[in-house]
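Asks: Each chain is listed here by its residues.
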Amino acid sequence: MTDTALAHAPAADRRRGEGLTAGMLIVPASIFVAFCLLAPLAILFRYSLNEFVTTKKMMVEAVTLANYVKFFTDPYYTTILGVTVRVAVTVTAVCLVLGFPLAYVVARTQSRFKHLLIIAIVLPLFVGNAVRAAGWMTVFGSRGFLNTTLQWLGLIDKPLEIMFTETAVIVGIIAVNLPFMVLSLQSVIEGIDRSVEEAAFSLGAPPGTMFRRVLWPLALPGILAGTILTFILAMNAYATPFLLGGPLFKMMAPLIYNQFTQQTNWPFGGAIAFILMTVTLGLTMAANLLIQRRRAS
Amino acid sequence: MTMALAIIRRRARRWALNGAAAVALGYILMPLIFVIWLAFFRQEIPSFPPEGYSLKWFAAILDQRKFVDGFRNSIQVGVLATLIGLALGVPAALCLSRFQFKLRTPLANLLLMPLIVPGVVLGTAMYVFHVELEIGLDMDVLGTFYALVAGHIVIVIPWVVRLVTASLAGVDRATEEAAQNLGANPWVTFWRITLPTIRPGIVAGALFGFVTSFGNLEMSLFLVGPGRTTLPIVILQYLEWKIDPTIAAVSVVQILLIGISMLITDRYVKLARVV
Chain Y
1475 MTDTALAHAP AADRRRGEGL TAGMLIVPAS IFVAFCLLAP LAILFRYSLN EFVTTKKMMV
1535 EAVTLANYVK FFTDPYYTTI LGVTVRVAVT VTAVCLVLGF PLAYVVARTQ SRFKHLLIIA
1595 IVLPLFVGNA VRAAGWMTVF GSRGFLNTTL QWLGLIDKPL EIMFTETAVI VGIIAVNLPF
1655 MVLSLQSVIE GIDRSVEEAA FSLGAPPGTM FRRVLWPLAL PGILAGTILT FILAMNAYAT
1715 PFLLGGPLFK MMAPLIYNQF TQQTNWPFGG AIAFILMTVT LGLTMAANLL IQRRRAS
Chain A
-17 MTMALAIIRR RARRWALNGA AAVALGYILM PLIFVIWLAF FRQEIPSFPP EGYSLKWFAA
43 ILDQRKFVDG FRNSIQVGVL ATLIGLALGV PAALCLSRFQ FKLRTPLANL LLMPLIVPGV
103 VLGTAMYVFH VELEIGLDMD VLGTFYALVA GHIVIVIPWV VRLVTASLAG VDRATEEAAQ
163 NLGANPWVTF WRITLPTIRP GIVAGALFGF VTSFGNLEMS LFLVGPGRTT LPIVILQYLE
223 WKIDPTIAAV SVVQILLIGI SMLITDRYVK LARVV
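Chains as they are written, first to last, in my numbering: chain Y, 1475 to 1771; chain A, -17 to 257.
So that you can see chain Y by itself, here it is in the shape it has in the complex (with noise of 0.2 angstroms):
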């Protein structure tokens, strides 16, 4: 998700007059997205520190910390929290180590039809989430493809119940984000010039060393990249432990989207939100410096 094109300013030119050109190019999209966006996040963080009257169901204005310390101090919510965080690593975790060989094929292969490929990882992204759980229900039902051929097989007698299990989700969202690994990991190895990793071969290097010593730390950007996104984007998943988790299993962003909508609790769900938030910046933020700090010794 990096930007290279805007993360590097261009060559300075400064002219007398661009100034204006500059602002009036930028600004209508800048106001709207802060009317849109910022302000918005703003009242939300202003309503998470309301009161909520559960018997009146009514929001009373206030300043109080009470919604977040409710949250940490309630293991129902904690546990919920502690669930989408195991999640999240487990996904990013098996998103990376299948992530890379299909990312280093696509980068590395000379076939024309290579494009095609590449519309075959990026359409799933595209189709949304709720149909890709629809295969993964059709999969996973009691009656399902899987049950009926492990049946037949002879493997197990009676059904496995996998639907609205753990298991269900993270499969169901290794799938949704598997493409967002395999695009960031695609794009820096192809960057790799090939030599490199002839010229580690050529000098007797295994390919176990080869990929540890060479294509490894060469590729720390794109895995840096690929894992962050693939991070947040589990953290924050909300069709799929919807529609195969089921009712009883409980991650964060369901969870808001039920304070708001069911409990219509908005100070408790503004809040759930912003502890969303930061715990997923937090988190990517601490592997980050982890990493460079490896990295560095």
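No wet-lab data here; the hints were simulated from the structure. One thing to keep in mind: the hints can contain errors.
Lysine-lysine pairs mimicking DSS-like chemistry, simulated, CA-CA at most 30 angstroms apart [what the hints assert, rightly or not]:
(1) Y:Lys1724 <-> Y:Lys1531
(2) A:Lys224 <-> A:Lys38
(3) A:Lys38 <-> A:Lys48
(4) A:Lys48 <-> A:Lys224
(5) Y:Lys1544 <-> Y:Lys1531
(6) Y:Lys1544 <-> Y:Lys1530
(7) Y:Lys1724 <-> A:Lys38
(8) A:Lys48 <-> Y:Lys1724
(9) A:Lys224 <-> Y:Lys1632
Fit chain A to the supplied structure of chain Y, relying on the hints for placement.
Replies: For chain A alone, kept in the frame of chain Y given last:
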């Protein structure tokens, strides 16, 4: 002998690598393959093996008003949000890649921020914002068509800015300067030189923006009013109750439309370079 062994080992490694890649690709495509398969089942219950195959579910889509309405709403919102998103995003991208100014980095971050904020948080924040606006302005905001479009514009802008900035990075400014030296004013330079060179970026930005808007679920859940539901929400609400070939047929139509539009876009811009 050792040579032969080395060659065999090398081949084995290549097969292992390609095999691992195929597993990952299969994993990505598996849910789509099963949805497409289910759409052609004869029986209504998704049990395996299918009792037979039929095309009747595709006709059944048209009987259900909610799918047709949802599809129409999604197209309307997506087209409008993409057009306005382009009008706002393309100039912003031009500015970001052409000028150096103090607020450049914060503004770039602001415009890309909607990509990072979780969909559910976007939705809740806009929901409370619309409630406040409604109270403050004393007019309908929440659940209106234009409020939904405004939300979608916010998620279209970052794609336009990213992809157009990326394509501007490859443009040689010398051509523009040459045009201006030859007497072209800034507008003529833009229309005749800059715009044609960044057209691939604009096409890609429009496509990604539209598809993001068309497929958006989490944010829209909070913003749609009664009778204005978009297609992804209709699909989600249907799947909450049951999975059957009708919903699979709806999905197949969606997969086909998106697949075709991507193949067409790929002719203009290499998708491998813009994603």
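Asks: Could you run down the list of hints and mark each one as holding or not?
Replies: Now for the hints, and whether the structure bears them out:
no.	hint	verdict
1	Y:Lys1724 <-> Y:Lys1531	23 angstroms, holds
2	A:Lys224 <-> A:Lys38	18 angstroms, holds
3	A:Lys38 <-> A:Lys48	18 angstroms, holds
4	A:Lys48 <-> A:Lys224	15 angstroms, holds
5	Y:Lys1544 <-> Y:Lys1531	17 angstroms, holds
6	Y:Lys1544 <-> Y:Lys1530	19 angstroms, holds
7	Y:Lys1724 <-> A:Lys38	37 angstroms, violated
8	A:Lys48 <-> Y:Lys1724	28 angstroms, holds
9	A:Lys224 <-> Y:Lys1632	22 angstroms, holds
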